[in-house]
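Chains X and G, in that order, are what the protein sequence lines are. Take the first sequence: its position 139, counted from the start at 1, is 139 in this note's numbering, and no numbers get skipped. Whatever position you read off the second sequence (first residue = 1), add 1000 for this note's numbering.
With beta-carbon atoms standing in for the labels, derived distance ranges:
no., chain 1, residue 1, chain 2, residue 2, range
1, G, ASP1188, X, ASN63, 31 to 39 Å
2, X, ASN35, G, GLY1070, 15 to 23 Å
3, X, PHE53, G, ILE1061, 31 to 39 Å
Worth flagging that the hints you see were computed from the coordinates, not collected in a lab. None of these values were measured; they are calculated from a predicted model. From the three backbone atoms N, C-alpha and C, an ideal C-beta is built for every residue, glycine too.
Number of protein chains: 2
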Amino acid sequence: MVKKAVCLISGGIDSCVTAFMAKKQGYEIYALTINYGQRHKKELESAKKIALFLKAKKHIIININLSKFGGSSLIDKTKKIEKNRSLQEIGKNIPSTYVPARNTVFLSIALAFAEAICGDAVFIGATATDYSGYPDCRAEFIDAFQKLSDIATKKGLENKPIKIIAPLISLTKSQIIKKGFELKAPLDKTWSCYVGGKKACGRCDSCLLRLKGFKELGMKDPIEYNFLPDWYKKNL
Amino acid sequence: MVKKAVCLISGGIDSCVTAFMAKKQGYEIYALTINYGQRHKKELESAKKIALFLKAKKHIIININLSKFGGSSLIDKTKKIEKNRSLQEIGKNIPSTYVPARNTVFLSIALAFAEAICGDAVFIGATATDYSGYPDCRAEFIDAFQKLSDIATKKGLENKPIKIIAPLISLTKSQIIKKGFELKAPLDKTWSCYVGGKKACGRCDSCLLRLKGFKELGMKDPIEYNFLPDWYKKNL
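Assemble the whole structure, with the sequences as input and the hints as a guide.
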């Protein structure tokens, strides 16, 4: 019998590579994108392109307006997103872009989807390495969600628990990008920038971490940027 | 400093009584209603009336269309809701009205709200007694969610965890109703029927459990019904 996996697809590199890892493992892919009121729609367009590339059995987009709660610069237009920070600064503390309980909300919606389709697994592209500042991007968080899921669902009660899989949790951005290339994942279709616009900004934490990952591999990021930091351009 | 609680308000008796218990404990109430694509809007109207009665500081309604996943007769119009079951039958197995991972989704959204307002607690009206068939209505589920929440949030990391409180978890429906009367909760504004319509149906599991609760107290349910079972009418 074919194994079914719900894959959270944000449009960024991490979730894209994660979904291609699930596919490689033989899962039938049920793509899930949560449109939670982020500042721009670029991510959503990328998510659609990636789901098509994956030949997902289904791609469901769930709208949930978390911006009604406020609390993050990613969804609250009155708050400022950090820019031009040094790589040392990023990850030291919880940045303004942290969306309260985001991965908890995402995984619970994915769990609902997985239970409705009698799925076997949920894949999430959470990674602790570059972004230790987010409490819900750590291996402990994934473990706690697995425990919750085991007792929260009909499948859990029947002793066929839905597996919560975060294969990137201890990989660095450059390791993730490398894996993406190996799996022929469409990294040129991904979008990471927090700001939005036609091209990526090259200044927000997300752009900087992405550029650092490509830099470490000695490769050029295939997407277009409005600005590129000197350390990235040097010797490329 | 005033303590803040997010209270999940569905429009039914359980969440109404729960919120009045939170208020009695001195919490400032942030009401949260999740409109998840249930079959009718009656519950939503009740939730609004209850939030007004509670003098909630804020009432946020979050729309999330879980019916995109299917899997439950409550949100999937092609599935039949159980009717006219005996009280013995109810609770024996998981009914068609079970919405996959519903309380996991609800609590995670409540957690996001609580974190955004720097809240101290989340109250949910889950109860295991009458409805042992739902996996996510058990004390173990609430405990697992507390553990998740402690490591999933900024407040948890800072050692000021948000408390997940389910004060009705081991109460029967009649004990809940009694508590509601003691707290002067507006039980006449609540709505429990799964079917919808101007009056409650008196035939679905939810109506039957509610009527049984009032019956055990020797009291009349203050809301109107299209139909009433004989065992309820007898000697009332």
